[in-house]
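There are 2 protein chains.
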Amino acid sequence: MEHHIAPTTQRSVRRHNLGVVLRAVAEGGPRWRATLATDTGLNKSTVSSLVAELIDLGLLAERGAERRGSVGRPGLAVEIAEDGAVALGLEVGVDWLAVHAADLTGTVRLERREGGDLRGRPVTAVLDQLAEMTRAALDELRAAGMRPAGAVVALPGLVDARAGTLLVAPNLGWNDVAVRAELGERIGDSLPLEADNEANLSALAELWEGAGRGVRDFLHVSGEVGIGAGVVIGGRLLRGAHGFGGEFGHVTVDPGGPLCACGSRGCLESRAGLEAILGAAGITGNAAPAARAGELAERARAGDADALAALHEAGRWLGVAAGSAANLLDLSAIVIGGALGPLAEWLAEPLERELRTRVLAASWAVPSVLPARLGPEAAVRGAATQVLRRVLEDPASVRTLV
Amino acid sequence: MEHHIAPTTQRSVRRHNLGVVLRAVAEGGPRWRATLATDTGLNKSTVSSLVAELIDLGLLAERGAERRGSVGRPGLAVEIAEDGAVALGLEVGVDWLAVHAADLTGTVRLERREGGDLRGRPVTAVLDQLAEMTRAALDELRAAGMRPAGAVVALPGLVDARAGTLLVAPNLGWNDVAVRAELGERIGDSLPLEADNEANLSALAELWEGAGRGVRDFLHVSGEVGIGAGVVIGGRLLRGAHGFGGEFGHVTVDPGGPLCACGSRGCLESRAGLEAILGAAGITGNAAPAARAGELAERARAGDADALAALHEAGRWLGVAAGSAANLLDLSAIVIGGALGPLAEWLAEPLERELRTRVLAASWAVPSVLPARLGPEAAVRGAATQVLRRVLEDPASVRTLV
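Protein chains in written order, with the working numbering: chain A, 1 to 402; chain B, 1 to 402.
It cannot be assumed that every hint is accurate.
Said to hold, decoys possible - Label-pair distances were calculated between CB atoms; the ranges are: (1) B:Glu27 - A:Gly375: 51 to 61 Å; (2) B:His16 - A:Glu132: 36 to 46 Å; (3) A:Gly263 - B:His16: 51 to 61 Å; (4) B:Arg236 - A:Gly28: 48 to 58 Å.
What the hints contain is simulated information worked out from the structure, not anything from laboratory work.
Quick reminder that beta carbons are idealized off the backbone N, C-alpha and C, glycines included.
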């Protein structure tokens, strides 16, 4: 039977080594084949063959004419192909749609964001609009010679990632929407498409390239109208038994408190979600919550008492919930992101005070409160990076792409 | 340099394989050497040599005279040595001290428990008493030919496991007690000694041999005077950034509620800890809380309205906190253990009702509420098993023991 096993193993070793070489270039920058052999411990002829396949896949390219005339001609260096793989992150927010593309070096190649409160708009109209934005982005990327390797769509609610279904998004009023199928059909492309929770993707983005780098245990709070979170434990995103973890906005902070859109009472987001803060600060009107959040920050900066009181109160409630999370999980940091990120300077002090009071281990280790680094792009960046990491793990997976 | 590396590697491979063989016997029962070779994939002469070393370490023994006269004489089977390694679990509870010993098959070889409310007793007197119990147990075990391989002491508070220090146990009123050093000195033995949080150890015991077997994501609630918990994620105990995770009793359920022994307000244990329930049910007196918990169960069984109301109220508060934990962690089960275990039949219904209301994903996956299986012995069993698992991983570690 061995002749059946050996070729498979060789193929899987080669497939693995394609990733080793591609990651060495993506992380280390342009490289000669000989350098790659030293970097990876693979022999030179293997490296040459792997590089040839990666060039063929459109992921690496020869580094143009430089050194071409030099004495001894050490061969051309290879680099990440400029017209190579590109990954898409898509997002349905409560008050925006976004499309983002990044190449294998992490460089942003395209960004589109269309604002406007989506609550109350028909699901089909929203998906039509996002599909239209995605198709336009794909055309633009392909016209520039790039090869889209996949897309992940970030959604503000409970997502069954395996089925690609949004089960519920209380703040959008969406229930049981087969986003992967519906959006995929509208885009009408062979592009691999997945769906995930926006708070999970934002937390991953902060872990990979933001405030969470080097922090192994933290909660990343994605505060918008709703409040989601990603829980990172030991440097890995916690997904839980069914992928439904991180619903920080539905931690009960006030059991007899106001009714939440989810049907429970006294959820954190009914006390510290953007609508609750804006309402307490007396900032009403028809502008999208994100725009009004800007107004809130301006007023707070100007010393407006109502704005400051509303932020203080929200920080306190965030601290009650974060204290509970820290007691359960022994976190090193609470990262404040999403629309709450720019408000973190006013939220942090009351939040920290609650942590010092409520965390049993506070005398030895009180979690730091940090503002997120990536801003409102965190979820789409995390979504695109999720695709890129898969290409870097298994470059041969792009073989079937257009 | 290779001659420096190879012997080390060979030794570490051999050390690893000692564990492979020992675990095969511990899990599979008595075995011939030839069967062990088949079971483990090691060759027969290697197995014979490893078995000889395990017999020399006192961990395996030849299986006596059986088959001795049989035709063909296939050699003696080996089994876990009856006079082999034994592991100790010790515990300082709020109202008991316990010592427990188990051998490599998991069979309990000794159990001692001394009741009495420890609150207010001097730390030194309590440690003197536990050391005395431990010394007596060691004498008894050694007299029976067993070799104690180590002890873990379970403590009802925040433990710095690396230092072996109890940082704080609000319900005992203990602060900063170097339990490993202080207790080790009193025992006056070369026995390796470690300290850990009782709720972590109880959760591990339920995971390994109780209600948590086969459940990959659950919260094990250790309810005594205080309420601790072990958080199991993906089949592993979450310890957090500093080992302080699982402080479920200090999840805030009622932010303006009663002052807790920890200094915060409205902690779960001030609403659903044993003292709170007994107080609400009107069961006062000088008996230790565990004894009064028995009285509470009797009254509830007899239909006493105050007892039932107190349990209903506690279940509701447990549900508020468990709902928050489930929203964050996407748990499959809430296991009710410790002194609350025998009360689970009355706590479960209001607890489940809160979960159904408060968990965002409840329509798709509401955590089950399960009674713990192991009872008040969970922490000492987990403590002893912790030692045993280490011996099974690395049998050579017992070489230096008496």
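Structure-based check of each hint:
1. At about 53 Å, the beta-carbon gap between Glu27 of chain B and Gly375 of chain A stays in the expected band of 51 to 61 Å.
2. Separation of His16 of chain B from Glu132 of chain A is about 59 Å and departs from the stated range, judged on CB atoms against 36 to 46 Å.
3. Distance hint check: the CB atoms of Gly263 of chain A and His16 of chain B are about 53 Å apart, consistent with the given range 51 to 61 Å.
4. Separation of Arg236 of chain B from Gly28 of chain A is about 34 Å and departs from the stated range, judged on CB atoms against 48 to 58 Å.
When each numbered hint is compared with the structure, violations occur for hints 2, 4.
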